[in-house]
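Chemist: As a plain string of letters, each chain reads:
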Amino acid sequence: MTTISSAAQQPAAVAAPPVGRPDTNRKKLARLGWLFSAPALIFVAAVTIFPILYSVVMSLRNVSVTGSGINMTGITGANYSALIHSSLYRYALGFTVVYTIITVAIELILGTIIALVLERLTAGRGWMMALLLIPWSMITVINAELWGYIYEGTYGVLQAIFQAVGLGHPNVLGTPTPAIAGMMVADIWKTTPFVAIIVLAGLVMLPGDVYEAAEMDGASGWYTFWHITLPLLRPTLALALMFRVLQAFGLFDLPYVLTGGGPGTSTTSLAVLGYEAMFKNLDFGGGAAVATSTAVLVLIGCLLSLRTFRVQVGKENT
Amino acid sequence: MRNRKRTGWHRIINGVNIAAFLVVLFIGLPLYWLIASSFKTPLGIGVDPPQYFPDPLSIANYKSAFVQYDFGIYFRNSLIVTLIATALVLIMGTLAGYALGRLPMRGKFTMLVVFLMISVFPEIALIAPLYVVLYHLHWTNSYQALIIPYAAFNLPFAIWILRNYMLGIPKEMEETGRIDGAGPLRTLWSIILPQALPGIFTASIFCFTACWTEFLMALSFNISNNYRTIPVGVSQFGTIDVTPYATIFAASVVATVPIGILVFIFRKFVISGLTSGAVKG
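Chain order of the listed sequences is L and U.
All residue numbers for the first sequence refer to numbering that gives the first Met the number 0, where the first residue is 0 and numbers rise by one.
All residue numbers for the second sequence refer to numbering that gives the first Met the number 0, where the first residue is 0 and numbers rise by one.
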């Protein structure tokens with residue numbers, strides 16, 4: 000009896016794992032996954048997601064900064080109604096939007112051109128890439144100081160060149176429109192190389208046979224670019240566009256250091272406005288309202304580009 | 000991979016080279032100006048027309064950055080904050096990247112999309128609440144005031160990069176480990192980690208660069224001179240009337256060199272980070 004039962008049980012015990020194991024194993028691995036992700040998830044939620052929500056709360060309360068601390072009382076819409084009635088806020092919003100559109104458009108066009116040049120370069124591409132990475136890795140504050148020196152009105156190199164060519168004596172940072180244009184140049188200098196590297200990466204992964212076919216059909220270089228390269232490059236460009244737009248919306252370092260938001264208030268971005276509300280005027284409720292409205296705009300941007308995000312995540316899954 | 004036929008290129012090669020030369024000028028000239036100006040004397044920096052080559056060549060600015068201004072303190076602070084934040088990001092990021100890349104978890108797709116969105120969120124949205132919390136903890140003017148937000152802000156993107164690398168490791172390698180009876184942490188440490196090393200380099204360099212260059216939080220949370228990082232320190236050089244450009248540029252060169260060397264050595268990883276679909280400016 001014992002021998003039979005043990006003989007009967009034996010195969011069952013051996014056979015059981017192949018049926019049950021993938022499932023229990025999967026559950027075990029999933030649990031392990033949550034265990035491994037927990038520190039990161041909790042940390043990120045506590046330090047980024049929670050504050051964003053807390054910022055919404057702050058923007059809806061009366062916040063006062065006193066010697067004894069930061070106090071919040073009541074629930075109010077005053078911070079937002081102040082925003083809506085503030086012409087400076089409306090200007091900062093418009094400025095940030097226009098600035099973002101213009102700089103990102105130029106960065107994408109210029110970046111694509113540089114990528115096309117680099118792709119055709121027969122020698123020294125590695126060195127070019129290394130050079131391109133320097134502005135990318137540079138501290139934006141340093142970038143701002145550098146261009147501040149270039150634009151300086153009495154001894155800056157730009158006014159010297161303009162004078163030498165007989166174009167007058169410009170004080171770039173002293174008048175609104177040139178100051179905005181000058182800031183854009185500094186931004187483009189720092190960020191275009193980064194766009195170029197992404198586009199170049201997209202470019203070298205394009206299928207070669209399409210180009211051979213086009214060449215055999217006698218397509219011109221320009222035609223090939225418009226009708227083959229550009230459409231194929233669209234996912235790469237969409238990604239670069241989305242990330243750049245969302246980031247440009249937080250514009251702070253460059254105007255804060257290069258122009259201080261001026262002359263007047265001509266280069267005051269949303270982030271500069273929010274910072275000054277908080278740390279110059281000690282109006283944390285107002286600052287939180289500016290920050291929240293900026294965050295909402297970025298969130299709308301994120302949701303609008305949800306598809307690009309999803310494609311980005313899903314791409315690696317296949 | 001694309002392999003285009005190149006026939007009759009002689010003329011065009013010239014055009015390409017000229018364009019490449021223009022690109023080098025566009026990027027290189029401002030860089031030259033930064034380095035050259037850091038060697039000008041305080042008098043030489045403010046003359047019109049400017050000195051296109053510093054005359055006389057002076058290293059006095061490098062000295063004054065450290066002696067007259069506290070650049071040494073700022074450099075130390077930047078290094079402490081950046082290194083600790085990067086280490087935290089790597090530890091938590093590797094674990095989470097492994098889980099999201101290789102373990103069967105429900106909802107990881109959504110999680111990754113949310114992570115990617117957090118990584119592009121503007122910092123200004125966090126400043127007010129973080130400041131209030133830090134203030135009540137008496138943590139303003141401290142290293143942790145920057146280390147914690149830096150780590151949290153850069154973690155999502157590091158997880159993203161690491162997860163992409165983890166996905167590329169063949170499944171069999173892990174199974175070998177499991178058959179040998181190695182526990183999950185051991186498998187991760189001795190089998191997955193060596194394979195994911197390029198991803199770890201890439202994540203570190205991105206995190207390092209982001210922490211080294213961060214300005215808004217450092218400016219808001221650490222007002223005391225003893226806890227200022229390089230970007231804040233450099234932005235505060237001089238007075239309202241005088242901007243000591245020569246000293247600023249000397250400090251800038253010193254601040255750019257470590258990151259420049261790092262990026263140059265690891266440029267392959269930086270580029271692969273940008274090209275694995277991972278984009279951050």
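Just so you know, the hints here were simulated from the structure itself, not pulled from any lab data.
Computed from a prediction, not measured in an experiment: that's the story for all the values here.
Possibly wrong hints are sitting among the right ones.
Said to hold, decoys possible - Some chain L residues close to chain U (C-beta under 8 Å, calculated; not the full set): (1) Phe-42; (2) Ile-108; (3) Ile-149; (4) Leu-303.
Glycine included, C-beta positions come from ideal geometry on N, C-alpha and C.
Chemist: List in ascending order the numbers of the hints, as given earlier, that are violated by the structure.
Modeler: Violated: hints 2, 4.
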